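Trainee: Please construct the entire structure, taking both the sequences and the accompanying hints into account.
Which chain is which? The protein sequence lines are P and U, in order.
Numbered by the numbering used here, the letters in the first sequence go through residues 1 to 234 in order.
Numbered by the numbering used here, the letters in the second sequence go through residues 1 to 412 in order.
Hints may be right or wrong, so weigh each one.
As the list claims (entries may be wrong) - Derived pair list, reagent style DSS-like, types lysine-lysine, alpha-carbon separation capped at 25 Å:
{"#": "1", "chain 1": "P", "residue 1": "Lys58", "chain 2": "U", "residue 2": "Lys321"}
{"#": "2", "chain 1": "U", "residue 1": "Lys407", "chain 2": "P", "residue 2": "Lys14"}
{"#": "3", "chain 1": "U", "residue 1": "Lys321", "chain 2": "P", "residue 2": "Lys77"}
{"#": "4", "chain 1": "P", "residue 1": "Lys58", "chain 2": "U", "residue 2": "Lys399"}
{"#": "5", "chain 1": "U", "residue 1": "Lys399", "chain 2": "P", "residue 2": "Lys14"}
{"#": "6", "chain 1": "P", "residue 1": "Lys77", "chain 2": "U", "residue 2": "Lys399"}
{"#": "7", "chain 1": "P", "residue 1": "Lys140", "chain 2": "U", "residue 2": "Lys6"}
{"#": "8", "chain 1": "P", "residue 1": "Lys77", "chain 2": "U", "residue 2": "Lys407"}
{"#": "9", "chain 1": "U", "residue 1": "Lys407", "chain 2": "P", "residue 2": "Lys58"}
{"#": "10", "chain 1": "P", "residue 1": "Lys164", "chain 2": "U", "residue 2": "Lys321"}
Claimed, not checked - From chain P, some residues computed to sit far from chain U (all C-beta separations above 10 Å):
{"#": "11", "residue": "Arg21"}
{"#": "12", "residue": "Thr69"}
{"#": "13", "residue": "Glu122"}
{"#": "14", "residue": "Ala127"}
{"#": "15", "residue": "Gly147"}
{"#": "16", "residue": "Asp204"}
Unchecked claim - Distance windows between CB atoms, simulated:
{"#": "17", "chain 1": "P", "residue 1": "Asp75", "chain 2": "U", "residue 2": "Leu21", "range": "36 to 44 Å"}
{"#": "18", "chain 1": "P", "residue 1": "Thr19", "chain 2": "U", "residue 2": "Ile379", "range": "56 to 64 Å"}
{"#": "19", "chain 1": "P", "residue 1": "Ile135", "chain 2": "U", "residue 2": "Val380", "range": "47 to 55 Å"}
If you are wondering where the hints come from, they were derived from the structure by calculation, not from laboratory data.
None of the values given here were measured: they were computed from a predicted structure.
Where a beta carbon is used, it is the ideal one built from N, C-alpha and C, also for glycine.
Spelled out from the first residue to the last, the chains are:
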Amino acid sequence: MSLISADNIQKDYKTGEVTVRALKGVSFEIAPASFVSFVGPSGSGKTTLLNLIGCLDKPSSGKLTVADTDVIHLDRKQSASFRGSNIGFIFQDFNLIPVLTVYENIEYPLLMVQSVPAGEREKRVAALLEAVGMIDQKNKYPDQISGGQKQRVAVARALVTNPKLVLADEPTANLDHKTAYMVIELMKKMRDEFKTTFIFSTHDQKIVGEAEIIYMLEDGELKGMETKGGKKNG
Amino acid sequence: MGNLFKIAIRNLLRYKRRTLLTASLITVGVVFVLVFISVTGSFKNMMIGQITDSMLGHMQVHRKGYVASIENLPLNLNLRQEDVKQLEDMLNKQAEIEAYSLRIKFGGMFSNFVETTNIRLNGVYPDKELKSVPLLAGRVTEGKKTLDKGGIWIPELLSKGMKVKVGDAIVVVATNKDGSVNGKQLIVAGVLESATGPGGRDGYIHIEDAMEILRMEGMEISEIAIRLKDFGRLNAFSKKLEALISKELNQPDKPIFELHTWEKLTPFYTIANMIDVMTFFIKLMLIAIVLISIMNVMIMAVYERIREIGTIAAIGTLPGKILNMFVIEGFCLGIVGAAIGNVAGIAIIYTLNLLKITYNFGQQKGLILQANVYFYDLIVISATVIIVSVIASLQPAFKASRMEPIKALRHV
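Mentor: Written out as structure tokens, the structure is:
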């Protein structure tokens with residue numbers, strides 16, 4: 001049983017009179033609790049694919065199922081609710097809310113998206129603060145912590161709703177190598193602990209090696225898939 | 001909801017200078033409107049008070065058709081004795097009435113035995129008149145504040161022009177409704193300070209002297225001036241009394257009486273209306289200030305936070321909640337501006353009253369400004385500011401809530 005099933009997905013962007021095909025018939029399946037990476041050069045379609053999986057955008061054609069839901073036919077409000085319940089996001093620029101503390105940033109999805117009761121919220125936020133090693137920094141604002149710490153907060157925020165899937169678009173692009181490894185290790189640890197599927201995109205070859213399944217994209221096409229055990233054709 | 005307020009307040013505090021400037025602008029607008037309303041309201045109330053309490057009364061009843069010819073003081077349109085009796089019976093039953101005064105109004109000649117001039121006279125029962133227009137006694141600047149039979153209160157201008165003093169004998173000559181002329185010698189009992197408006201230069205004599213001069217066999221009354229216990233109930237009571245008197249019909253089944261409130265008897269009502277119109281436009285200015293400043297600041301806030309909007313939308317915040325976040329920011333700005341404006345406005349009005357600023361109204365000099373701010377005004381102005389703030393925030397908030405997360409996240 002797969003968590004994500006993509007069948008012949010195409011995505012076209014129209015720029016004036018010109019139509020650009022960003023994805024050209026991509027098909028794949030991802031099982032639950034996987035640690036997956038989409039790799040490829042700039043413009044290969046990694047971000048577009050993550051946006052489609054994350055219900056931030058819709059494919060021009062093809063079939064896409066995430067957590068047993070046909071996400072193509074969700075309207076705006078349904079998409080927002082689906083994301084709030086099933087998907088966590090980690091952004092390249094961390095995207096923490098600057099007026100909220102570390103604690104409040106992690107708490108935000110529980111409070112503003114899921115309306116979880118206070119006791120349960122406190123428990124879940126405290127557990128994640130502990131897990132990402134940010135308990136001492138919980139009252140600091142984003143501008144008072146480092147880039148690596150911000151991304152750890154972002155990981156905790158993505159996981160706090162117990163989503164089935166976490167999407168991370170170039171999560172280590174703005175971090176130094178050491179911190180980037182630490183963030184990837186943290187993501188893996190979280191996957192092991194919470195059984196959440198992690199999908200991240202990157203073009204950093206050293207980071208790619210940390211993924212258990214690697215999908216290679218080029219010019220909007222899936223060129224191959226590699227697992228820790230060996231190489232398969234796409 | 002509490003968390004939305006927390007986020008809104010923190011976002012406002014994030015741009016302290018901008019928030020301060022916008023809130024200050026609203027505050028200045030609220031202060032300006034409050035001070036304007038209280039000062040003009042004070043002037044308007046004083047003007048209405050002077051006119052109703054020293055001359056007109058709150059309302060008047062005449063014989064049908066009298067007011068159309070009021071400038072001529074037509075004696076043939078006076079109320080007959082039996083009509084007056086009927087009317088008095090009706091008025092005595094009305095609990096809302098504090099007092100009423102019967103008046104015979106007529107024009108005549110005033111002579112100091114050397115010079116002669118014209119005069120408008122009111123024949124009244126002094127005790128009833130003073131209860132119906134209580135500021136009248138205050139207008140007596142020289143002489144007695146009571147008027148006995150054989151005495152006359154003359155206007156100040158006449159006293160100066162004709163060089164007549166309190167205690168001097170004068171003669172009043174008038175033509176009655178049949179055209180015969182009669183005169184009577186009276187003693188000047190008092191000099192009345194001139195007041196602006198119709199009736200402000202009238203003289204007063206006892207009603208029995210008026211009947212004697214006009215050779216009336218029975219009492220024929222020009223008007224009945226009515227004073228209410230509560231001026232605020234003027235419109236409600238005038239409707240009630242109008243309904244009652246309209247039932248009294250003469251032979252051809254036409255109404256005998258007509259009722260007019262003070263507004264219809266003096267041109268100063270137009271000035272009072274102009275003050276209201278000015279106040280309305282000042283309020284419109286306040287609305288414009290709040291609308292433009294809040295809309296401007298909220299448009300800026302949305303523009304600066306596009307990526308944040310994208311982030312919260314991406315992680316599942318519903319569009320309605322995003323809309324609320326921005327609306328609440330505008331709401332908070334409105335509340336702060338209105339609250340500070342109210343406090344500052346009340347302080348300024350209190351200071352104005354302490355300074356005892358004086359002004360003139362027509363012939364009356366040195367009236368002290370008594371600016372009042374009513375709770376009702378505070379509520380209306382605050383509610384207007386807050387509602388306009390919310391309305392002004394709606395467009396930017398709606399724009400934020402409708403943003404596509406993917407586009408917002410790409411925004412640089």
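Trainee: Does each hint fit the structure? Answer for all of them.
Mentor: Here is what the structure says about each hint:
1. P:Lys58 / U:Lys321: holds (23 Å)
2. U:Lys407 / P:Lys14: holds (14 Å)
3. U:Lys321 / P:Lys77: Roughly 11 Å between the alpha carbons, so the hint for Lys321 of chain U and Lys77 of chain P holds.
4. P:Lys58 / U:Lys399: This hinted pair holds, its Cα atoms lying about 21 Å apart.
5. U:Lys399 / P:Lys14: holds (23 Å)
6. P:Lys77 / U:Lys399: Holds - the C-alpha atoms of Lys399 of chain U and Lys77 of chain P are around 15 Å apart, at most 25 Å.
7. P:Lys140 / U:Lys6: holds (16 Å)
8. P:Lys77 / U:Lys407: With Cα atoms ~17 Å apart, Lys77 of chain P and Lys407 of chain U stay inside 25 Å; holds.
9. U:Lys407 / P:Lys58: Holds, at roughly 13 Å.
10. P:Lys164 / U:Lys321: Judged against 25 Å, a Cα distance of about 24 Å means the pair holds.
11. Arg21: holds (17 Å)
12. Thr69: holds (14 Å)
13. Glu122: Holds, since 14 Å exceeds 10 Å.
14. Ala127: holds (19 Å)
15. Gly147: Holds: least Cβ distance 16 Å, greater than 10 Å.
16. Asp204: It holds; Asp204 of chain P is separated from chain U by about 21 Å at its closest Cβ, greater than 10 Å.
17. P:Asp75 / U:Leu21: 36 to 44 Å: Holds, since Asp75 of chain P and Leu21 of chain U (Cβ atoms, about 40 Å apart) stay within the stated range.
18. P:Thr19 / U:Ile379: 56 to 64 Å: holds (59 Å)
19. P:Ile135 / U:Val380: 47 to 55 Å: holds (51 Å)
Going through the hint list in order, the structure satisfies each hint without exception.
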